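There are 4 protein chains.
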Amino acid sequence: MSTASFFGDLSPVAYRGPESRDPLSYRWYDKDRVVLGKRMEDHLRLAACYWHSFCWPGGDPFGGETFQRPWMRPGQDPMAAARAKADVAFEMFRLLDIPFFCFHDLDAAPEGDTLAESVDNLKAITELFAAKMETAKVRLLWGTANLFSNRRYMAGAATNPDPDVFLYACGQVRAALEATHALGGANYVMWGGREGYETLLNTDLKRELDQMGRFLAMVVEHKHRIGFDGPILIEPKPREPTKHQYDFDVATVYGFLERYDLLADVRVNIEQNHAILAGHSFQHEVGLALALGIFGSLDMNRGDALLGWDTDQFANDIGELTVVMHDILKGGGFTTGGLNFDAKIRRQSLDPADLLHGHIGGVDSCARALLQAAQMLEDGALTGPLAERYAGWDGAEGQAILSGKRDLATLAERALTSGLNPQPRSGRQEYLENIVNRYV
Amino acid sequence: MSTASFFGDLSPVAYRGPESRDPLSYRWYDKDRVVLGKRMEDHLRLAACYWHSFCWPGGDPFGGETFQRPWMRPGQDPMAAARAKADVAFEMFRLLDIPFFCFHDLDAAPEGDTLAESVDNLKAITELFAAKMETAKVRLLWGTANLFSNRRYMAGAATNPDPDVFLYACGQVRAALEATHALGGANYVMWGGREGYETLLNTDLKRELDQMGRFLAMVVEHKHRIGFDGPILIEPKPREPTKHQYDFDVATVYGFLERYDLLADVRVNIEQNHAILAGHSFQHEVGLALALGIFGSLDMNRGDALLGWDTDQFANDIGELTVVMHDILKGGGFTTGGLNFDAKIRRQSLDPADLLHGHIGGVDSCARALLQAAQMLEDGALTGPLAERYAGWDGAEGQAILSGKRDLATLAERALTSGLNPQPRSGRQEYLENIVNRYV
Amino acid sequence: MSTASFFGDLSPVAYRGPESRDPLSYRWYDKDRVVLGKRMEDHLRLAACYWHSFCWPGGDPFGGETFQRPWMRPGQDPMAAARAKADVAFEMFRLLDIPFFCFHDLDAAPEGDTLAESVDNLKAITELFAAKMETAKVRLLWGTANLFSNRRYMAGAATNPDPDVFLYACGQVRAALEATHALGGANYVMWGGREGYETLLNTDLKRELDQMGRFLAMVVEHKHRIGFDGPILIEPKPREPTKHQYDFDVATVYGFLERYDLLADVRVNIEQNHAILAGHSFQHEVGLALALGIFGSLDMNRGDALLGWDTDQFANDIGELTVVMHDILKGGGFTTGGLNFDAKIRRQSLDPADLLHGHIGGVDSCARALLQAAQMLEDGALTGPLAERYAGWDGAEGQAILSGKRDLATLAERALTSGLNPQPRSGRQEYLENIVNRYV
Amino acid sequence: MSTASFFGDLSPVAYRGPESRDPLSYRWYDKDRVVLGKRMEDHLRLAACYWHSFCWPGGDPFGGETFQRPWMRPGQDPMAAARAKADVAFEMFRLLDIPFFCFHDLDAAPEGDTLAESVDNLKAITELFAAKMETAKVRLLWGTANLFSNRRYMAGAATNPDPDVFLYACGQVRAALEATHALGGANYVMWGGREGYETLLNTDLKRELDQMGRFLAMVVEHKHRIGFDGPILIEPKPREPTKHQYDFDVATVYGFLERYDLLADVRVNIEQNHAILAGHSFQHEVGLALALGIFGSLDMNRGDALLGWDTDQFANDIGELTVVMHDILKGGGFTTGGLNFDAKIRRQSLDPADLLHGHIGGVDSCARALLQAAQMLEDGALTGPLAERYAGWDGAEGQAILSGKRDLATLAERALTSGLNPQPRSGRQEYLENIVNRYV
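The listed protein sequences correspond, in order, to chains G, R, A and U. The C-terminal position of the first sequence is numbered 440 in UniProt numbering, with every residue numbered one higher than the one before it. The C-terminal position of the second sequence is numbered 440 in UniProt numbering, with every residue numbered one higher than the one before it. The C-terminal position of the third sequence is numbered 440 in UniProt numbering, with every residue numbered one higher than the one before it. The C-terminal position of the fourth sequence is numbered 440 in UniProt numbering, with every residue numbered one higher than the one before it.
Quick caveat, the hints were computed from the structure, so don't treat them as lab data. This structure is a prediction, so every number in the text was calculated from the model and none was measured. Virtual Cβ for every residue (Gly too), placed ideally from N, Cα, C. The reader is advised that the hints may include incorrect statements.
[Said to hold, decoys possible] Chain R residues, not near chain U, derived (Cβ > 12 Å throughout):
| hint | residue |
| --- | --- |
| 1 | E111 |
| 2 | K123 |
| 3 | G404 |
[To be verified] Simulated crosslink set (DSSO-like; lysine-lysine; CA at most 30 Å straight-line):
| hint | chain 1 | residue 1 | chain 2 | residue 2 |
| --- | --- | --- | --- | --- |
| 4 | G | K330 | R | K132 |
| 5 | R | K132 | R | K31 |
| 6 | U | K243 | A | K243 |
My request is simple: use the sequences and hints to build the entire structure.
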């Protein structure tokens with residue numbers, strides 16, 4: 001197949017301003033526009049992902065593939081198909097002018113009959129990527145290993161009851177981590193899709209957590225050994241495919257990192273759809289990670305709040321994105337992380353142009369949210385009232401309490417003898433919501 | 001009012017065996033029966049709670065009280081009403097032959113016009129309880145302070161933006177902790193009903209977590225100072241009344257205790273209804289607490305999996321209780337903890353007899369679950385297959401990996417060169433479920 | 001109390017345009033602005049509700065009142081308090097310049113010791129309202145009866161196992177319907193808050209549905225008898241306070257109306273928060289009601305998709321409101337119905353100004369949505385692609401099939417012999433979502 | 001492949017009584033035991049399904065097949081594989097001694113390159129089935145057509161915007177209905193897996209409902225034409241694979257059947273997992289169908305209340321099954337319907353024996369529930385209290401009200417003048433729950 005034939009005569013997507021009626025243009029993403037002293041592109045660090053757009057055939061649990069992409073046709077040489085797929089992928093990165101991408105080992109290169117063959121395949125494709133990246137402007141935001149699709153992992157990778165599976169996972173992760181390093185990846189991600197359980201009747205929680213802790217520690221050690229200086233990112237998700245996944249949410253991952261003493265090297269890669277499946281808002285997960293000092297990167301998509309599974313739709317809720325972006329900017333913005341579009345076009349969106357529409361919607365939504373968030377922050381629209389609300393704690397006595405200089409008896413006695421009768425003050429939620437809507 | 005008039009001529013509830021058709025008898029709870037070397041009563045450590053049965057008037061968000069208990073009639077002297085309520089409560093403990101109870105400060109004693117008056121009221125009722133406990137056989141499983149009902153706490157107690165509210169909470173907790181100590185309580189519980197937020201727009205997560213950490217540390221210090229040797233128990237709940245409560249679930253509490261270095265003194269009090277609101281099974285929360293070493297006690301009730309709020313119904317799902325009891329027995333059983341019926345009869349269950357029916361159902365369900373769980377454990381019905389499943393890790397090499405004696409490169413290399421090809425083995429879920437149903 | 005003292009020196013809320021920074025102004029609601037040939041005020045028919053703003057004290061299941069409104073102080077003469085409340089309510093209607101209001105009988109007038117006394121109280125307040133409405137510009141969008149708060153209704157009103165409760169409900173509804181008629185109400189609403197069950201163990205579904213069907217038929221008959229020409233509106237809600245409410249959602253109400261032959265006189269009053277509790281989007285419920293010909297009116301609020309109970313927050317999700325408004329405009333707009341703010345300020349929003357902020361946010365959100373929806377409709381932004389998508393059915397053969405002129409065998413034969421092989425076409429979801437975001 | 005080799009030397013599963021420790025025996029299912037005057041087998045009408053056990057390869061959205069069944073190996077002649085699969089299926093029916101089975105057209109016979117070829121394939125396999133059924137004792141509970149897996153149906157079958165897809169579906173359904181008829185099927189089922197939408201932005205609800213109504217009417221007409229006298233069964237499900245499926249739940253289907261005048265010929269096939277996805281209990285859906293007169297058959301499985309997708313696990317919650325069976329027996333039991341195990345073994349349950357364990361658990365759970373339910377019914381354990389609770393409506397006046405002989409004004413007047421003051425009576429929920437647990 002020729003790449004040209006896939007996207008046909010679709011032109012690169014350019015910025016044309018908010019009034020543009022061209023559906024294949026950007027209305028908000030103006031990459032060189034400077035916002036709060038930084039180029040928009042450098043703020044957002046947008047990434048396309050390999051798996052949803054180029055590996056998913058459009059199937060779901062009740063139906064087969066709908067897309068019928070040329071490189072998925074049965075009977076092809078797998079490595080030839082992988083190269084054809086890479087051509088289309090890099091063509092899409094170019095058309096969208098997107099500065100980063102992300103991939104799993106098995107997205108890029110076909111699984112071989114043996115681990116050795118798989119590793120060789122990955123190396124070959126890594127070299128192909130490296131060659132393409134010399135001329136393309138796209139960089140690698142992160143790489144990762146797929147430890148969940150093959151049946152050998154059905155009962156877990158690191159948490160498998162069979163140590164041989166643990167070993168196999170070691171082999172795969174080393175190769176993927178080194179490939180990421182070779183390509184100059186900014187981070188390395190671990191999503192434990194099968195690190196969880198289907199039933200507690202056959203599960204030893206303590207053993208499995210210890211296995212997982214040791215596995216992650218080994219990855220961290222190896223990262224240092226090879227000189228990879230990006231962080232390891234854990235991607236919290238509460239369930240699906242498993243009934244319960246150990247990296248349930250940000251708070252759970254934090255406790256896990258504390259327990260296995262891994263806070264120094266590991267951060268979280270947060271996804272909106274995973275957040276809501278865990279019963280949290282996207283803003284909560286991001287805010288908590290920032291508060292706990294483990295914020296890393298974002299998988300940018302959206303779920304459907306009425307559905308109980310990962311829909312991975314392209315994000316387009318400007319209101320939600322604006323408050324999230326506000327909190328990230330307030331927290332200093334991205335360092336190694338970025339916004340990875342872990343999103344897929346719907347199963348019925350068959351046309352190559354649909355791939356562009358999906359990404360354009362996501363890119364523009366993030367750009368618009370950035371602009372609005374920056375303005376809110378400059379105006380102190382939320383930060384001002386927030387500081388005022390907690391001002392009582394900023395005084396000497398408040399700080400003395402927080403720093404451990406007061407004990408319960410002292411404070412209790414003070415409350416008792418002073419006839420303390422604190423009066424509640426309005427939380428002003430509606431006022432603040434209206435403020436936000438002024439910017440959205 | 002006279003106590004006698006409330007329960008009328010209802011007789012004490014006695015054990016009459018599984019074939020009993022008397023709805024006011026126990027069919028399974030035979031307190032002196034020895035199970036795995038311990039009396040049933042000593043295994044279960046059942047407790048009635050003060051709030052649902054004696055303080056809740058039967059209202060809900062859409063309707064007023066239905067119960068119209070004599071001690072709730074308006075216009076009474078609050079302390080006289082509190083004493084009348086205590087009479088009925090202890091009469092119910094006697095009728096049910098239940099060995100423990102639990103209470104919040106404000107369940108027992110009315111709130112005064114000032115903190116000092118509230119503390120005095122609590123002292124007076126504590127003395128009344130102490131006197132009653134001299135003759136009654138009931139003991140105190142735990143006490144706690146209500147830091148969520150009064151409007152002063154609407155924006156949090158420890159996490160309030162106003163330090164004065166924090167102080168007021170110190171005053172209340174000291175008094176409740178000391179009252180618990182005075183009554184020989186086995187534990188002291190903290191449920192942070194308002195320690196969370198309604199909107200992130202007005203919330204500083206980091207500040208609030210730090211406030212909560214310091215508050216808990218002070219309580220732990222005070223406990224040691226006064227010589228209270230029971231643990232402090234945190235009760236996880238994800239939300240309600242708040243949109244988000246910081247003690248979301250067991251994993252979150254664990255991370256919090258790690259962060260503020262409180263693992264030595266604090267454990268969790270787990271509730272079924274809170275577990276499912278957090279998206280977890282009851283068995284999960286119990287199993288995780290056991291695995292993490294923070295299992296303390298249980299609030300025994302059940303929620304409705306189809307409803308999004310706390311229904312606090314009396315537990316009666318024998319299958320669920322049996323596996324939970326199995327895991328607790330496997331973990332060594334309760335030490336200071338027990339099974340507190342944090343459950344309320346339905347709003348339409350108006351009759352005094354309904355209070356007994358609710359508790360009888362709960363007591364018998366726990367007793368039956370204990371018997372079945374003990375048998376499962378004795379037979380090794382689940383523990384046998386479990387040990388077998390993970391046996392691969394018990395060898396020298398498995399232990400070497402887990403103890404940190406192997407690194408990623410070594411294991412990866414071994415996987416690569418050995419042509420490792422681990423084959424999945426059946427998880428046998430249906431087989432194990434059938435095994436459980438053999439005991440239920 | 002004097003009314004003036006409640007809102008203090010707050011001025012009437014006026015339209016000041018999108019750039020206004022005055023939090024007590026409208027930025028989008030410009031009532032006389034003509035949109036699609038009709039004044040904005042006449043499109044939206046905005047209504048304030050009596051219950052949330054003037055009757056709810058700020059309590060929740062875990063805490064008491066926070067608002068402490070003057071007219072709620074204990075010990076007042078109930079009718080005097082009701083009059084004081086009415087003064088404040090009409091003052092708020094004036095300040096907000098809102099053209100409609102809604103109320104339950106018991107919101108307006110206190111319940112008496114007997115039904116007769118309650119009815120008398122309602123009459124007195126109805127007269128007060130009528131007098132106020134002569135000078136105020138506010139009109140009545142709908143009235144209703146509260147058949148859920150009093151303990152007599154704990155097991156249902158029409159569906160109560162006790163026929164006497166059914167009779168009592170007849171008494172209340174007749175009075176409320178006639179009061180609504182007397183005040184020139186445009187509709188009469190029925191929300192069956194207790195028409196459902198807590199457990200199927202004590203419930204006869206068939207009996208209860210028949211009771212409810214007969215009750216509604218009697219209301220319809222009475223409406224005709226007294227010459228009330230507005231529709232009766234049923235308000236679907238799936239649960240809460242009950243475990244299951246019979247008017248679960250729009251589709252369920254439709255089936256009920258078919259079964260009891262009430263389609264001619266009854267429509268639905270749809271609420272966003274009820275929609276999502278039932279697992280539907282707001283747009284779905286509105287669209288389905290329009291498709292089935294039973295669309296009546298809207299209770300305008302929003303729930304929190306992560307919470308399992310009715311939060312009744314002021315609506316402010318512009319994206320959601322825009323598509324809903326688009327579909328309503330496409331369906332011809334409101335006739336007797338309107339947008340009732342069945343929304344409450346948060347429990348922590350204590351200040352009188354918070355009441356205004358809540359409504360201002362809601363009003364402006366609806367106004368902005370109307371403007372955007374009208375533009376979308378004028379541009380045919382969604383209607384164009386929709387017509388094109390189904391064009392295949394508009395031909396003679398498509399119409400022949402739909403009108404019953406073809407049978408299965410004929411069509412099957414045609415498919416078989418023609419070698420029919422229909423190819424899927426893109427659903428273009430992302431493209432359409434981007435189109436919508438162009439307007440939002 | 002030879003059939004024998006699949007199940008190896010596993011023996012037929014026989015009844016061995018409650019004390020049996022043989023995991024491959026029945027402990028409760030004693031088919032000839034007479035319960036309430038009917039053989040257990042004739043009560044339960046148990047059916048195995050073809051799709052989950054023989055067609056699902058063990059994949060999920062995040063992983064490939066795990067089972068690797070011989071008949072699924074790539075490269076085989078599809079019809080030969082279909083015959084091999086049939087051999088294994090009928091062998092399992094024999095081993096389990098299960099009296100019924102169910103299948104989709106495409107489960108049994110491979111899809112051809114054209115509709116004509118598919119129909120031919122189905123005919124060939126139907127003949128094979130017929131031959132096997134002559135000697136096997138198994139009968140057909142129902143047949144159905146798969147109108148959801150092929151990409152041509154991605155936007156619906158009957159509800160597709162393209163009339164050609166509607167025609168194609170006619171061709172498939174005619175063939176499947178006639179095959180069902182030829183095999184003596186007792187019912188014909190329609191599950192509209194793609195009859196719904198992904199987004200309302202591209203959906204015309206009214207058109208699609210009309211298309212679906214006409215389609216169903218044609219099927220009903222054809223059924224009469226060919227002399228098939230079983231009912232058509234609709235299977236309600238709220239969502240998945242679509243965001244919204246039109247046959248949302250029992251109440252929705254009822255309204256649909258009323259609207260398109262199909263109540264006489266169509267009933268519902270209810271599934272536990274679909275019930276809870278719709279926010280209903282299994283007992284609710286069954287009870288409502290019985291109350292509305294549209295109860296048909298059951299898809300017997302269970303979902304996981306904490307997961308938002310169809311898990312289709314084998315049912316084993318005895319408590320839930322007992323109350324459902326009670327209500328079915330009370331309603332007269334099955335006529336044409338039965339209990340179809342629409343359940344699959346977990347993805348990790350790889351072994352042929354797991355297929356037997358899954359079914360054995362399901363069969364025994366149903367049998368035990370039947371025995372318990374029959375006893376409850378004989379004792380009037382629930383029916384007695386129920387009749388008593390509603391007795392007030394059985395009198396002449398209650399009946400007069402229900403039959404329309406009283407109007408609102410009359411009843412309201414009576415309530416008003418009689419000083420009616422109905423007192424609430426206990427709903428006795430805990431008492432009734434304890435009663436049920438006496439039988440479970």
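Which of the numbered hints are not met once you compare them with the structure shown?
Those not satisfied come down to hint 4.
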